Amino acid sequence: MKISHRAVALIMIMAFVVLLIPVTADAAALGQGSTGEKVKTLQSKLKKWDYYDGPIDGVFGNSTRRAVEKFQRKNGLAVDGVVGSATAKALGMSLGGSSGSSGSSGGSSGSSSNKNLYLLAQLVHGEARGEPYKGMVAVAAVVLNRVESSSFPNSISGVIYQKGAFSVVDDGQINLAPNEQSIKAARDAMNGWDPTGGCLYYYAPSKTTNKWMLSHKVKVKIGDHAFF
Amino acid sequence: MSEKAKSILEKYLIPALLAIALVAVSLWATKQRAQAQSYRTTVEAVYAQAYGELTDDLYELENTLSKLLAVSSPSQYVLLLDEVWRLSGSAVSNMSHLPVSHVDTAELNQFIVRLGDYAHALTKKAVNGGVITDEDSANIAKLRDSCASLAAEHEQKLSAGEIPTIGEDTYFVQAEESQYKDSEDIAKFPTLIYDGPFSESSEKLQPMGVSGAEVDQGTAEQTAERITGIDMTFAGENQGQIPAYDFSFSDESGNWAEASITKQGGMLLYYMSSAMGNAEGRPDDETGRKYRDIALAKLTELGYGNMQSTYAQYYGGVAVINFAATQDGVILYSDLVKVWVDRESSRVCGIDARNYLFSHRQRELPQPDVSREDAQSMLSSNLTVQSHAMALIPITPETEVLCHEFKCTLGKDSYILYINANNGREEQIFKIIDSEDGQLVI
Chain Z
1 MKISHRAVAL IMIMAFVVLL IPVTADAAAL GQGSTGEKVK TLQSKLKKWD YYDGPIDGVF
61 GNSTRRAVEK FQRKNGLAVD GVVGSATAKA LGMSLGGSSG SSGSSGGSSG SSSNKNLYLL
121 AQLVHGEARG EPYKGMVAVA AVVLNRVESS SFPNSISGVI YQKGAFSVVD DGQINLAPNE
181 QSIKAARDAM NGWDPTGGCL YYYAPSKTTN KWMLSHKVKV KIGDHAFF
Chain R
229 MSEKAKSILE KYLIPALLAI ALVAVSLWAT KQRAQAQSYR TTVEAVYAQA YGELTDDLYE
289 LENTLSKLLA VSSPSQYVLL LDEVWRLSGS AVSNMSHLPV SHVDTAELNQ FIVRLGDYAH
349 ALTKKAVNGG VITDEDSANI AKLRDSCASL AAEHEQKLSA GEIPTIGEDT YFVQAEESQY
409 KDSEDIAKFP TLIYDGPFSE SSEKLQPMGV SGAEVDQGTA EQTAERITGI DMTFAGENQG
469 QIPAYDFSFS DESGNWAEAS ITKQGGMLLY YMSSAMGNAE GRPDDETGRK YRDIALAKLT
529 ELGYGNMQST YAQYYGGVAV INFAATQDGV ILYSDLVKVW VDRESSRVCG IDARNYLFSH
589 RQRELPQPDV SREDAQSMLS SNLTVQSHAM ALIPITPETE VLCHEFKCTL GKDSYILYIN
649 ANNGREEQIF KIIDSEDGQL VI
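Going line by line, the protein sequences match chains Z and R.
Heads up: the first sequence begins at 1 in my numbering, then just goes up one per residue.
Heads up: the second sequence begins at 229 in my numbering, then just goes up one per residue.
Please note: incorrect hints may appear among the correct ones.
Claimed, not checked - Quick list of in silico lysine to aspartate or glutamate cross-link-like pairs, EDC-like style, CA-CA up to 20 angstroms:
(1) 217/Z - 465/R
(2) 45/Z - 508/R
(3) 48/Z - 310/R
(4) 217/Z - 272/R
(5) 163/Z - 272/R
(6) 432/R - 148/Z
(7) 211/Z - 335/R
(8) 115/Z - 662/R
Note that these hints are calculated values from the structure, not bench results.
Since the structure is predicted, the reported quantities are computational estimates derived from the model, not experimental observations.
Just chain Z, with the same shape it has in the complex (with noise of 0.2 angstroms):
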């Protein structure tokens, strides 16, 4: 009796200290594969200071990783190859707003179309990481696709955030850093590569059991999607 008390005592004060714990994620931190104009001052800072050698392209990609942890090698930072709170303090820049992907206020359609290129990609890294390349570049066709098509939102973040359309959104894995292939397999989509042939809808045969899906004559198979 005694060890049951004191273990449901402990078991509660611990599972009430573990609720208060506050969830903490910085949000705004850039790191490999960011995008977008916060990116672009970060690289020209590096570059300014000698730290970075590669394009002021706004993408984080391995060269700008390196860079960022040589520079907080060198400022007694926490190296990990991200720009968080400390590290732009450091860089005298500041991360606020979202993500670098949002781009500045306003910004020119160049901004824009990387904008969408990154939400693009964040959407194939959700949907199809772990799938062939070529699975990757479908899904991303069939976003365009529908872009394109009348029965659907005519813009890129209109098609993916579409109520019930990709359920990485419903989850939560549509804001995870997309990784170097989903970005390439984007910008190969966006270049006019269509593995799909102009389909709409995509589903995983092997988890689906949405009867409209199963309805619809498949028209091709990548890796373990089928389209339609």
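Following the hints, complete the assembly by docking chain R onto the known chain Z.
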């Protein structure tokens, strides 16, 4: 610890701690609940707003379409058509915010998009001096009636309090029910025959550049291997817009290749493979020319005659060069082939001929009625002309016009302008944006 202390601990302290913990957890849960409720209210308010605005848009569409039937002056006509276009865009945007399945809204979405697209096509016709026919008026009347009944239906739901809520997906007709009554539903909205990007006819365009006899899988495989120089295996058939055989290759070190050969004619639809290059940034002009020559040599080898490079992009270690077909010195901008060149190995690592297969054919090119000099005199005097070419450009998915193409500069900015070679109208303008990735034409 003494017996007494132990007993105090057990009798009072632990129950007290438990009670405190319980109260704290309850308070916390209440707060969480209140917060969740507040989020829910906020989100549902957004839904209600989108729904309310959608209903307003439908009513406004009905009114504007009615007015269109009543006006007689071309300027009023164009202003009202413009309003229809704006309202259609607004309605589609509001629809995309509703918490309903894309499958259920597809049909209504299509109706509203085509309505706007149709209005836009009529605007173009009107500003170019076209007259409004009885058929156009009959269409507008039918569209007005559809909008009226839609608006009334939505208003009714709204006043019955059927505002969409989180987790409720039954707002529009459920997909399972609607899928079998397709045939009746098509008649629900009037069919529009016009030439615009979202029209039924342009969404069902057939490939015009695919010709020849049907080939079997074995022949297609040989074609794929001849073009790619790689031993490939069959990866399935593709029943998409252009039926094709797909072939794949991959090895342990992560190299891969994909190719697709059309069933009819055994033509290359696309070839894509892994690039090894890590080259970044934009190459100098001479290197850029070298990539272009490599790409062009490959196209010539594959039998594409008279291709002219238009612009290039650089990313992920590759150069992507766009080529357009030419006929009698006229650039056919619809007949595009894109070629990917791996910058490190200077090897062609990708070709996309889908656009070319969709549109390539022998064109009947008209004689230009407007001379180059006359066309140039119609350009804004602020522009400095850098070069001139003749080009056939797509104005809508189904209409191409012969134009004088002028590449011009204005201050630091570059533009491409197209003057209709038949009537001297300014048909199209592009702005060229120079970036690290190459040139972007928008």
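Tested hints:
1. 217/Z - 465/R: Holds: residue 217/Z and residue 465/R sit about 13 angstroms apart, inside 20 angstroms.
2. 45/Z - 508/R: Judged against 20 angstroms, a Cα distance of about 19 angstroms means the pair holds.
3. 48/Z - 310/R: 50 angstroms, violated
4. 217/Z - 272/R: 36 angstroms, violated
5. 163/Z - 272/R: 14 angstroms, holds
6. 432/R - 148/Z: Holds, at about 12 angstroms.
7. 211/Z - 335/R: OK: residue 211/Z and residue 335/R at ~18 angstroms, within 20 angstroms.
8. 115/Z - 662/R: Measuring from Cα to Cα gives roughly 17 angstroms; hence the hint holds.
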